[in-house]
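*Asks:* Sequence:
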Amino acid sequence: MDDCLSGASNINQFMALKKEIGELLLRGGMTLHKWCSSARSESDLNPFNYCEKQSTVKTLGMMWNNCEDAFLFDISTSSTTEFTKRDVQSQIARLFDPLGLLGPVISKDKIFLQRLWLLLIDWSQTLLRSDQVLLRTDSTIALSWIDTPPHLLKTFLSNRVAQIQELTKEYNWSHITSKNNPAGLLSRGIDAQFLVNNQFWFQGPDSFNSLNSETELNQSVKYYLSEFKSKDSVCLTVKTSALFDDVICISNNSQKLIRIISLIFRFINKCKKNSKECGAPSKTEQQNAEIYILREVQVRTFGNEIHSLEQCGNVTPNSQLKSLSPFLDSQGILRVGGRLGNSILPYNSKHPILLPAKHKVTDMTIQYYHKIQFHLGPQSLLYNIREKFWLLNGRNLCRKIAHSCVTCFKANPKLSNQKMGDLTEDRVNPNFVFNSVGIDFARPFYIETKLRKRDPPSKIYVCIIICLSTKAIHLDQYLISLLKLSLQL
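Quick note: the sequence shown uses numbering that gives the first Met the number 0, first residue 0, plus one each step.
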């Protein structure tokens, strides 16, 4: 007996249906014991079990998912690239749909099969692909509209262009001059005596197959620009600092660059406030210089993202930083978002600073960490850097810096390959089983004999005997006393 699929509007109706079906089948000596439903209930009176995970029930060829309360259809298509009419009939027959839920799809398949019958195609004949269709028009303006995305055009024209693009998405459009366009005869008209033997109408121009696209879009742009939607242009002026560009070329050492910037800022403060501070840059000055460097790097590489965050608080959907959920901190530094805000990690570890993939400051930062961490490998180097910075394409950058390090190249020894010796005679020549063996003992195991109540566990070793000829294995157990005796022998 197979399973039964049914339904009810609520649990009360289901209880009544369950009772009636149970009493009916009980008269024939059949007891229902398995139930599955899509309802969610924690009541003790609930006669069925609802599973949290997805469960599929199959009855009479129909598959039903109780978690989503939906019917499933398992459709497996052939991976072959060439099909025959027999293959098409086989694929249609695989769609088992006794309830008619896939009726529209199956009807379309049957219509396709009917067309194959009209073409008088044999069962074993390979189906041919449709010939390439080339559409031509003598209107350069209309051709320009067809090549334009519909959303850029006005509503009246956009709807018609979208419909043309949808109907001809598998075809190619090109231009033809009015002189070579046979459709001109239809619009202008022609006498019957000239139509009988008119090769231009029935076969097209002589060079029809060799005509190339004669579209001159540049000449027709001015005629259809009025159909475009008007757009408001927004200009953003970005001021670049010549100081940063000049200073960054002085050194390849990131710490030296920070000290230079901090001394420049100290000189500026002395000129403004008449300060007499001297000596090496303080920690605060170096931190301010580092923030300035990072901010300048991010403005030059992530200018659009920073502007978007300042205006609306989010980056654009097509930004490369969209998946990182970036944000600007109180100092204007672009940092990675994430879900670690409530962790006890340091702030730089929870929200590392973003650095671009192709910039000199990024390379200097990686080289600095590679040096102070005693020339770590690429993976460990990336792990240490991510405690403060998040590098775009960081894995490849760390691998590049580590492999180009001269110190690492000199310290990297060349491994020699040990030449293996010949196998022994017992392993390469046929012999009787266990005539030549290899013996080893496994680690001790403790067993309890239970002969007496307080007997301590006995320590045994497993003896592994391997035949060198056939690789057969024999296992045996040895007590500790027998093992010592065996080793003495």
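Please note that a few of the clues may not be correct.
What the hints assert, rightly or not - Straight line, CA to CA, 30 Å or less: simulated DSSO-like cross-link-like pairs of lysine-lysine:
#	residue 1	residue 2
1	K359	K321
2	K470	K418
3	K17	K33
4	K282	K359
Said to hold, decoys possible - Each pair of labels, with its calculated beta carbon distance range:
#	residue 1	residue 2	range
5	I91	E165	22 to 30 Å
6	N197	D121	48 to 56 Å
7	D2	D86	30 to 38 Å
8	L25	D86	26 to 34 Å
9	E165	K18	30 to 38 Å
10	W116	L4	34 to 42 Å
11	N158	N303	52 to 60 Å
12	L327	K269	44 to 52 Å
13	N416	A92	21 to 29 Å
14	T58	P443	52 to 60 Å
Treat the hints as calculated values from the structure; they're not laboratory data.
Small disclaimer: the values here were computed from a predicted structure and weren't measured.
The C-beta atom is built at its ideal place from N, Cα and C for all residues, glycine as well.
*Asks:* Please go over all the hints and tell whether each is borne out by the structure.
*Replies:* Taking the hints in turn, this is what the structure says about them:
{"no.": "1", "hint": "K359 - K321", "verdict": "24 Å, holds"}
{"no.": "2", "hint": "K470 - K418", "verdict": "24 Å, holds"}
{"no.": "3", "hint": "K17 - K33", "verdict": "11 Å, holds"}
{"no.": "4", "hint": "K282 - K359", "verdict": "23 Å, holds"}
{"no.": "5", "hint": "I91 - E165: 22 to 30 Å", "verdict": "26 Å, holds"}
{"no.": "6", "hint": "N197 - D121: 48 to 56 Å", "verdict": "39 Å, violated"}
{"no.": "7", "hint": "D2 - D86: 30 to 38 Å", "verdict": "33 Å, holds"}
{"no.": "8", "hint": "L25 - D86: 26 to 34 Å", "verdict": "49 Å, violated"}
{"no.": "9", "hint": "E165 - K18: 30 to 38 Å", "verdict": "55 Å, violated"}
{"no.": "10", "hint": "W116 - L4: 34 to 42 Å", "verdict": "36 Å, holds"}
{"no.": "11", "hint": "N158 - N303: 52 to 60 Å", "verdict": "33 Å, violated"}
{"no.": "12", "hint": "L327 - K269: 44 to 52 Å", "verdict": "31 Å, violated"}
{"no.": "13", "hint": "N416 - A92: 21 to 29 Å", "verdict": "60 Å, violated"}
{"no.": "14", "hint": "T58 - P443: 52 to 60 Å", "verdict": "56 Å, holds"}
Consistency note: the structure conflicts with the earlier hints numbered 6, 8, 9, 11, 12, 13.
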